[in-house]
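Throw the hints in and build the complete structure from the sequences for me.
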Amino acid sequence: MSARVLVLTDGKAGHENQSKAFARALGCDFDLLPVRFRFAGAKALSYLLDRFGVRTTRLLSFARPLADLHAASYRAVLGTGSGTFYAVKALARKLGLPSGVVLYPRGYALKSFTCILAPQFDNPPAAANIVPVPANVVVTDDARQAAAVASFKARFDGDFRDPVAVVINGPNKCSTMTARWMARELDALFAETPGRPHWVTTSRRTPAEIEALLARYPWDYALYYSKDRYNPIPAFVSLAKTLYVTAESTGMISEACSTGAAEVRVLDNLDAGPNKFRRFVDGLTAGGYVDGSRKIDLSGPIAAARRLMGI
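Residue numbers (the numbering used here): 35 to 345.
The set of hints was computed from the structure by calculation and includes no laboratory data.
Treat the numbers as computed from the prediction; the structure is a model and nothing was measured.
Just so it is clear, CB atoms sit at the ideal spot from N, CA and C, and this is done for glycine as well.
Hints are supplied without guarantee of correctness; some may be wrong.
[Said to hold, decoys possible] With a Cα cut of at most 30 angstroms, we get these calculated DSS-like pairs of lysine-lysine: (1) LYS128 / LYS145; (2) LYS310 / LYS187; (3) LYS329 / LYS275; (4) LYS261 / LYS54; (5) LYS310 / LYS275; (6) LYS310 / LYS128; (7) LYS310 / LYS329; (8) LYS128 / LYS275; (9) LYS77 / LYS310; (10) LYS77 / LYS54; (11) LYS207 / LYS329.
[As the list claims (entries may be wrong)] Now the in silico label distances, taken between C-beta atoms and shown as ranges: (12) SER333 / ASN157: 49 to 55 angstroms; (13) GLY334 / ASP176: 29 to 35 angstroms; (14) ASP176 / GLY322: 31 to 37 angstroms; (15) GLY192 / ARG214: 28 to 34 angstroms; (16) ASP254 / GLY75: 19 to 25 angstroms; (17) GLU243 / ASN309: 21 to 27 angstroms; (18) ARG263 / ALA105: 27 to 33 angstroms.
What follows is the structure in structure tokens.
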């Protein structure tokens, strides 16, 4: 029987998926336990209490009674994101288990986590329990990828010779996305890749004006999130020869740089000036993952995490 870990989730898909990937990378099965702060102001209070070494589950509301959890069933407690950092500490202490988190837990006492998988773009300090990683935690699931490819091929029976795939996300606090910018990027993309099949997908954050613009281009396959919630991205990652992703999409860039064999390129919609998204893209470019086809190898960081948590 494989080792088992308890994964706390704040309900955000991006966070939950990284925790699941962390568990799988550790070679562990997992149980998922939703958690939230019990009342308004509890999160702010958790930062203060943590500074004094107070980690109490009374600030938290769990989806299952804690009396149902048995420390002997688990090897560690894991979580990702600020909605779980304090909860991981509090529950790990209560159960007497190691604590492992993904992303940099800014504002909390770092030494009291057993293991922190911290993105390099957050500039984490050097510490024995901090393991830097170049991107989001992604673990290749061959069965999932095969199923995604089969599903996509059932929907699309066109040309698969050296496809160019494009993943469009949407603006955030460090990026913009205008029709004028997108048209300039797409004109250059089509000019650089003539005679090849072109695929595109948008996301829930893609503005309507961008989807309207995309519809004017001669795509061999197009998926507009506003009209169809099917997700072709796993198939794009597996099948594309060249994969373009908008620069603010750290999750999609991480997946593209970790799986498949595509050369990954970034459509740069980031605002001017330094920010963590710029550091993220620049770091991956310097490593040959962006504007190249090198893939991220997390075997070293995961081995370090196993040692720290005794798994």
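Okay, the hints, checked on the actual structure:
no., hint, result
1, LYS128 / LYS145, "holds (17 angstroms)"
2, LYS310 / LYS187, "violated (36 angstroms)"
3, LYS329 / LYS275, "holds (14 angstroms)"
4, LYS261 / LYS54, "holds (29 angstroms)"
5, LYS310 / LYS275, "holds (28 angstroms)"
6, LYS310 / LYS128, "violated (34 angstroms)"
7, LYS310 / LYS329, "holds (21 angstroms)"
8, LYS128 / LYS275, "violated (49 angstroms)"
9, LYS77 / LYS310, "holds (23 angstroms)"
10, LYS77 / LYS54, "holds (23 angstroms)"
11, LYS207 / LYS329, "holds (28 angstroms)"
12, SER333 / ASN157: 49 to 55 angstroms, "violated (23 angstroms)"
13, GLY334 / ASP176: 29 to 35 angstroms, "violated (21 angstroms)"
14, ASP176 / GLY322: 31 to 37 angstroms, "violated (24 angstroms)"
15, GLY192 / ARG214: 28 to 34 angstroms, "holds (30 angstroms)"
16, ASP254 / GLY75: 19 to 25 angstroms, "violated (52 angstroms)"
17, GLU243 / ASN309: 21 to 27 angstroms, "holds (24 angstroms)"
18, ARG263 / ALA105: 27 to 33 angstroms, "violated (40 angstroms)"
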